[in-house]
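*Asks:* Each protein sequence line maps, in turn, to chains A and B. First residue of the first sequence: 1, per the working numbering; consecutive thereafter. First residue of the second sequence: 1, per the working numbering; consecutive thereafter.
Rather than coming from a laboratory, the hints here were simulated on the basis of the structure. Note that CB positions come from ideal geometry on N, CA and C, so glycine has one too. Be aware that one or more of the hints could be misleading.
[Said to hold, decoys possible] Below, simulated DMTMM-like cross-link-like pairs (lysine to aspartate or glutamate); rule was C-alpha separation at most 25 angstroms, straight line:
| id | chain 1 | residue 1 | chain 2 | residue 2 |
| --- | --- | --- | --- | --- |
| 1 | A | K205 | A | D218 |
| 2 | A | K48 | B | D129 |
| 3 | A | K43 | B | E213 |
| 4 | B | K161 | A | D275 |
| 5 | A | K43 | B | D129 |
| 6 | B | K122 | A | D303 |
| 7 | A | K212 | A | D145 |
| 8 | B | K161 | A | D310 |
| 9 | B | K122 | A | D307 |
| 10 | B | K123 | A | D303 |
| 11 | B | K122 | A | D310 |
| 12 | B | K70 | B | D129 |
| 13 | A | K219 | A | D145 |
| 14 | A | K43 | A | D275 |
| 15 | A | K219 | A | E204 |
| 16 | B | K236 | B | E213 |
| 17 | A | K205 | A | E13 |
| 18 | B | K70 | B | D84 |
| 19 | B | K229 | B | E213 |
| 20 | A | K99 | A | D275 |
| 21 | B | K123 | A | D145 |
| 22 | B | K123 | A | E13 |
| 23 | B | K123 | B | E230 |
| 24 | A | K212 | A | E90 |
[Claimed, not checked] Taking CB as the label site, the calculated pair distances span:
| id | chain 1 | residue 1 | chain 2 | residue 2 | range |
| --- | --- | --- | --- | --- | --- |
| 25 | B | W313 | A | T52 | 39 to 47 angstroms |
| 26 | B | Q76 | A | M65 | 51 to 59 angstroms |
| 27 | A | L200 | B | M21 | 27 to 35 angstroms |
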Amino acid sequence: MTDQKTPQDEALEAAQTQLALDSVRLEGLEIETLTQWQLARRKFFQHKLAMTSLVILVFVFTAAMLADWIAPYGFAQPDVPNRSQPPTFENSHFFGTDKIGRDYFSRTLYGTRTSVYVAFIVAGLSTAIGAVIGGIAGYYGGAVDNILMRITDLFLTIPFLAILLVLSAFLGAGSPLRVAIILGLLFWTGLARIVRGEFLSLREKEFVEAAKVLGASDKRIIFRHILPNTMGPIIVNATLTVAAAILVEAALSFLGFGVQPPFPALGVLIAEGQDSLTTLWWLATFPGLTIVLIALCINFVGDGMRDAFDPKQRVK
Amino acid sequence: MGTFIARRLLYSIPVLVAATMLVFFGMTAVTDPISQIRLIPNVSQSTIDNIIERKHLDEPIIAQYGFWVKDVFVNQFGNTALGDQPIWPDLSRAIGNTLQLVFVSELIAVVLAVFLGVFSAKKQYSFFDYATTTISFFGFSVPIFWFALILQALATAFFLKTGIRLVYTFGQSSFAPENAFLDRIQHMVLPVVTLSYVSIATYSRYQRASMLEVLHSDYVRTARAKGVKERVVTLKHALRNAMIPVVTIAALSFGAVLGGAVITETIFAWPGMGKLFIDALNRGEVFTLMAWLMVTAVAVIFANLIADIVYGWLDPRIRYD
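Okay, chain A solo, but in the shape it has when bound (with noise of 0.2 angstroms):
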């Protein structure tokens, strides 16, 4: 006789434990009870270097979004009488100016909106669609499985930057919206073999099959039940997603093939500042090194949700 459990079995257990909690609750004591959300929370909470990358990322964040009432200057303006300052507290030329006296911290301050609006963009909609293509193919198995992953497969045989490059070039980005489309319409790839995984050990779980026994219809299963248990993993990936977006938006928008004037984007400034690198080190080092603080705080906080989520990492 196998002992497997019955749901009246599961209900008397379940009753069972209920009893014990309330006993405990009148003597007095308090159980701790928490859901997965929020363990995960608080180890996230724990984890030093991701709350303290967070706070820098919200900081900067803030910053960059409040950039019209923030910057010292317009992102074109030029101070003429202040041209190719380095760093400095006088007149707010924080990051120094160029060689027409445009302030190097507004700029920066507006190319990273521009480049966080364009990160984010591509982490939601790259999301949206990994989660759901990854989820079919998961969840149904089979043929839709096997042709999915196959085109994703061939996707892979192109190296990805190549793929961008081609597909910025000739259907002319240039607005930060249109970068944004173009690569969270290619960023899905690793996300949906994340969730396909998922997907497949999900659909044998015994909910699944409670869900199906009741009638529920398949859209219902995948998305009201399987996805919820998957958000973990969808999460990190996002959260991930936005740091190599900001990288190569930048590259792109570096070699001229993604974000362009007049739209401001740190990429363009880099671009800019290439040429006077040995004279006017200030101007390619400042949002260089913007990119490099962003990027790696997300990776940090990736890391600490990624710890958080996982639940062989336990509550110190």
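Go by the hints and put chain B onto chain A.
*Replies:* Only chain B this time, still in chain A's reference frame:
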């Protein structure tokens, strides 16, 4: 093993066919050769008519695909649309130059990453471990083009200050160098450092993780229990298994490395595939771009094949029949 390689090669054929379709129809969906040429003001209508005639652009798309595939296999990718120049001589020269760069930097990356990963795992949570982790996190977060620019600027500043030419920041070789080999190395240092840094960051993380896992496995404990020297345990018992993920990652990253080469070569003016690609992109030379994409696709498929073969050599438990 022989049958396995043969079967894998056979399996590569449909992938290759699919890749030609992806490249051709993808490119056609995005642009067409003529609209790019029309943007150039001094190209006459008769030239354009000539190109349409030569490249069969007035025929149905399927027929165009057929002609293109024929060009690829029979005429070594055929000629460019504008100028009617053969594509292959330039492309093959660029491939040679890029392979030089990629081969050296990947070799350095894998060797260094394995060393760093093994050492971090052996001394988990030591200062060395934290330092390696930090450096590789920087590697994930640094824009490769900016890193290259900073290296270039530092090298230039060093030269201007001291007058000593340690490394070159531009091109592949000097005009009439005294020592051609040394000259080439001096030109290669900066691009190789750039390319290998990003790879080292990724590979060393994988090496560390898999080494940690293997070091805690039962068979390693058994080896220690029977008195095998720690050095032999690490290098012979553990490392061999721990290297499998890194080999996979290194082979699968081949495409990404070529992508990185696009940026690196542009900055250091290295006359390789990356520079060729950006030039073709700027000129809207669709046929050169398609040839480029096909060559990289073949290279990536081939790299995956190599990875599969190396698996078998590293892990005899993997059977191919």
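*Asks:* Does A:D275 lie within 25 angstroms of A:K43 when you go C-alpha to C-alpha?
*Replies:* violated, 46 angstroms
*Asks:* Straight-line Cα separation of A:K219 and A:D145 no greater than 25 angstroms?
*Replies:* holds, 16 angstroms
*Asks:* Please verify whether B:K161 and A:D310 have alpha carbons no more than 25 angstroms apart.
*Replies:* Cα-Cα ~52 angstroms, so violated.
*Asks:* Measure nothing beyond the straight line between the CA atoms of A:K205 and A:E13; if it is 25 angstroms or shorter, mark the hint as holding.
*Replies:* It holds: about 20 angstroms lies between the C-alpha atoms, which stays within 25 angstroms.
*Asks:* Do the alpha carbons of A:K43 and B:E213 lie within 25 angstroms of each other, as the hint requires?
*Replies:* holds, 23 angstroms
*Asks:* Given the hint that B:K70 pairs with B:D129, test it: the Cα-Cα distance must not exceed 25 angstroms.
*Replies:* Roughly 54 angstroms separates the two Cα atoms, so the pair is violated.
*Asks:* Would you check the hint for B:K122 and A:D310, treating anything up to 25 angstroms between C-alpha atoms as holding?
*Replies:* holds, 23 angstroms
*Asks:* Does A:D307 lie within 25 angstroms of B:K122 when you go C-alpha to C-alpha?
*Replies:* Measuring from Cα to Cα gives roughly 22 angstroms; hence the hint holds.
*Asks:* Between B:K123 and A:D303, does the CA-CA distance stay at or below 25 angstroms?
*Replies:* holds, 21 angstroms
*Asks:* Between the alpha carbons of A:K99 and A:D275, is the straight-line distance 25 angstroms or under?
*Replies:* Holds, at about 12 angstroms.
*Asks:* Keeping to a limit of 25 angstroms between CA atoms, is the pair of A:K212 and A:D145 held or broken?
*Replies:* holds, 20 angstroms
*Asks:* With the threshold set at 25 angstroms, check whether the alpha-carbon distance from A:K205 to A:D218 stays at or below it.
*Replies:* Roughly 15 angstroms separates the two Cα atoms, so the pair holds.
Of the hints listed earlier, those the structure fails to meet are numbers 8, 12, 14, 21, 22 and 24, in rising order.
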